[in-house]
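Peer 1: The primary structure of each chain is shown beneath.
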Amino acid sequence: MKVLVAVKRVVDYNVKVRVKSDNSGVDIANVKMSMNPFDEIAVEEAVRLKEKGVVTEVIAVSCGVAQCQETLRTAMAIGADRGILVETAEELQPLAVAKLLKALVDKEQPGLVILGKQAIDDDCNQTGQMLAALGDMPQATFASKVEVAGDKASVTREVDGGLETISISMPAVITTDLRLNEPRYVTLPNIMKAKKKQLDVFKPEDLGVDVAPRIKTLKVMEPAKRSAGIKVPDVATLVDKLKNVAKVI
Amino acid sequence: MTSLVIAEHDNASIKGATLNTVTAAAAIGADVHVLVAGHNAGAAAAAAAQIAGVSKVIHADGASLEVGLAENVAAQVLAIASNYTHILFPATANGKNVAPRVAAKLDVGQISDITKVDSPDTFERPIYAGNAIATVQSSDAVKVITVRTTGFDAAASTGGSATVETAAAATDSGKSSFVGREVTKSDRPELTAAKIIVSGGRALGSSEKFDEVMIPLADKLGAAIGASRAAVDAGYAANDLQVGQTGKIVAPQLYVACGISGAIQHLAGMKDSKVIVAINKDPEAPIFSVADFGLEADLFVAVPELVAAL
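Residue numbers (our numbering), protein chains in the order written: chain A, 1 to 249; chain B, 1 to 310.
Since the hints were derived computationally from the structure, they do not count as laboratory data. Glycine residues also receive a C-beta, built at the ideal position from the N, C-alpha and C atoms. Don't take each hint at face value.
[As the list claims (entries may be wrong)] Label pairs and their computed distance ranges (CB to CB): (1) B:E182 <-> A:D106: 34 to 40 Å; (2) A:D106 <-> B:E190: 41 to 47 Å; (3) B:K274 <-> A:D12: 31 to 37 Å; (4) A:K247 <-> B:D298: 23 to 29 Å; (5) A:A224 <-> B:S55: 53 to 59 Å.
[What the hints assert, rightly or not] Cross-link-like lysine-lysine pairs, in silico, BS3-like; alpha carbons within 25 Å at most: (6) A:K16 <-> B:K271; (7) B:K56 <-> B:K116; (8) B:K274 <-> A:K225; (9) B:K175 <-> A:K50; (10) A:K16 <-> B:K274; (11) A:K231 <-> B:K281; (12) B:K116 <-> A:K219; (13) B:K195 <-> A:K247; (14) A:K50 <-> A:K197; (15) A:K16 <-> A:K225; (16) B:K271 <-> A:K225; (17) A:K107 <-> B:K175; (18) A:K231 <-> B:K274; (19) B:K271 <-> A:K247; (20) B:K56 <-> A:K203; (21) B:K281 <-> B:K209; (22) B:K220 <-> A:K241.
If we strip away everything but chain A, and leave its shape as in the complex, we get:
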């Protein structure tokens, strides 16, 4: 069984982004870019399934600019067998990415597609579910545990108020939550090995997908600032402030 894993190149999670002064977006020139953390978990899970012998091949896919090749190399250093880049300089929204992935699913026929639950840049949380819908596949989002047996996967999901376990027939889509696994550190030998792995490049046109954005960003603003309040010297003062100034208790 093949597994397809989608990886997105995003601003590194340690970078605090700044809004551009013309309010056209956030400034991502010269900031560190990395693989979306949830996608790293997705790659790790796919590689673990391969190590367990459940999966034969792990294919990493990224959609976006040429530099996404670096993100794919990272995925291959974690253990993905090969990479596919759908290269375009256009702004890609989740629906477009889901359509590109759907075209690759048709081509590669994977048993599972694993994606991060959301990207930490646009915070959309859409692509996996959209791909599942487009491919008429069942979905298990926000996964914290995955077990594959036969043609079914049992997935524990993080939901409001606790955990839920569902069983899905493959082919299926899984999106990862934070506690599914802890991605391994990539080693230098594996980084070197990843450089030699196969990486194919397509254009959206090659896959017959129209990626035109549906949603236009009119402006991007700084959020309203919350200013620091005061420091209180002791618990008694704190209680007094809460009771008599803030009146919240």
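Guided by the hints, dock chain B onto chain A, whose structure is given.
Peer 2: For chain B alone, coordinates are given in the frame of chain A:
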């Protein structure tokens, strides 16, 4: 122009998140209908009909809808979607699970996590963990939206008198099935609906200490308990208690952060709280930059003292 709100419910009652979503739908300016898709959910449908501002409730009832499997709920929404210009889900685990399936089948983009309605096609939503607010405009015929519930007040749960219409339940997709659920049992208020939240961080050091220190404070204040991602990752607290960008987004009247340093991703989940108290022994902790009242102290001393003083 008519909006459809997909109700969050447990078949017996309507969850609070539905009420905030109704307010967002009303802000669009259209008629508001509510879909209650469930099993033996008559009581929930009746409760939905009482929500102020709702003109019609569509009640679809069947075993396929009992546990809210995404495939079946999405099919249910799609069966009636052609009647609507806007389809709104609360941005809960359920809403986020189903909404993109509906959008993709309709071939429209989705607008996630809106915090404000500017016009029927223009919305505001946080990006980069709330470090920027984007104003976005959709050119699609149908707007599929998830609503960040802290961005909108709750609609009154009584006072409405909507008609209740029944709809045939969607057939089961046959591709997914429910196995089980581990619900965290608690007498405390639900995290996203609580007026007061006391939250613990990595400084608690262990799950025993977490409970020992945080529970008495929560009991005293009648508060819900939250946790930072660090505390959850370390196993001190259950994962559904996580407050932050990738956990729960909360905005209570009072948020008490104990031993939480205040990473960006945590602040993204709680900075809209009305009053924030931070108890931390590190004077440089970023949490103090958003706290209304900061107490620089060892939480193992200060929190029990606070419990005693309340």
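Peer 1: It remains to establish, for every hint, whether it holds in the given structure.
Peer 2: Structure-based check of each hint:
In this structure the supplied range 34 to 40 Å holds for E182 of chain B paired with D106 of chain A, their Cβ-Cβ distance being about 37 Å. With their beta carbons about 42 Å apart, D106 of chain A and E190 of chain B fall inside the hinted range of 41 to 47 Å. Against the hinted window of 31 to 37 Å, the Cβ-Cβ separation of K274 of chain B and D12 of chain A comes to about 32 Å, which satisfies the hint. For the pair K247 of chain A and D298 of chain B, the supplied restraint of 23 to 29 Å holds, since their beta-carbon distance comes to about 28 Å.
Under the hint 53 to 59 Å, the C-beta atoms of A224 of chain A and S55 of chain B, about 34 Å apart, miss the expected range. The suggested pairing of K16 of chain A with K271 of chain B holds, with an alpha-carbon distance near 16 Å, which does not exceed 25 Å. For a cut-off of 25 Å, the pair hint linking K56 of chain B to K116 of chain B stands: about 24 Å separates their Cα positions. At roughly 13 Å between alpha-carbon atoms, K274 of chain B and K225 of chain A fall within 25 Å of each other, so this suggested pair holds.
With a CA separation close to 24 Å, the supplied pair K175 of chain B and K50 of chain A stays within the 25 Å bound. Between the alpha carbons of K16 of chain A and K274 of chain B the distance comes to roughly 24 Å, so the proposed pair stays at or under 25 Å and holds. A C-alpha spacing of about 12 Å is found between K231 of chain A and K281 of chain B, which places the hinted pair at or below 25 Å, so the restraint holds. Restraint check for K116 of chain B and K219 of chain A: the C-alpha separation of about 14 Å stays at or below 25 Å, so the hint holds.
With a C-alpha separation of about 13 Å, the suggested pair K195 of chain B and K247 of chain A falls inside the 25 Å cut-off, and the hint holds. A hinted pair counts as satisfied when its Cα atoms are at most 25 Å apart, and K50 of chain A with K197 of chain A qualifies at roughly 17 Å. For the hint linking K16 of chain A to K225 of chain A, the alpha-carbon distance of about 15 Å falls within 25 Å, and the restraint holds. Proximity of K271 of chain B to K225 of chain A is assessed by CA-CA distance (about 10 Å); at most 25 Å being required, the pair is judged to hold.
For the hint linking K107 of chain A to K175 of chain B, the alpha-carbon distance of about 22 Å falls within 25 Å, and the restraint holds. For a cut-off of 25 Å, the pair hint linking K231 of chain A to K274 of chain B stands: about 17 Å separates their Cα positions. Restraint check for K271 of chain B and K247 of chain A: the C-alpha separation of about 19 Å stays at or below 25 Å, so the hint holds. This hinted pair does not check out: K56 of chain B and K203 of chain A have alpha carbons roughly 46 Å apart, beyond 25 Å.
As the CA atoms of K281 of chain B and K209 of chain B are separated by approximately 17 Å, the hinted pair is consistent with the 25 Å bound. The hinted pair formed by K220 of chain B and K241 of chain A meets the criterion: a straight-line CA distance of about 17 Å does not exceed 25 Å.
Going down the numbered hints, you'll see the structure goes against 5 and 20, while the others check out.
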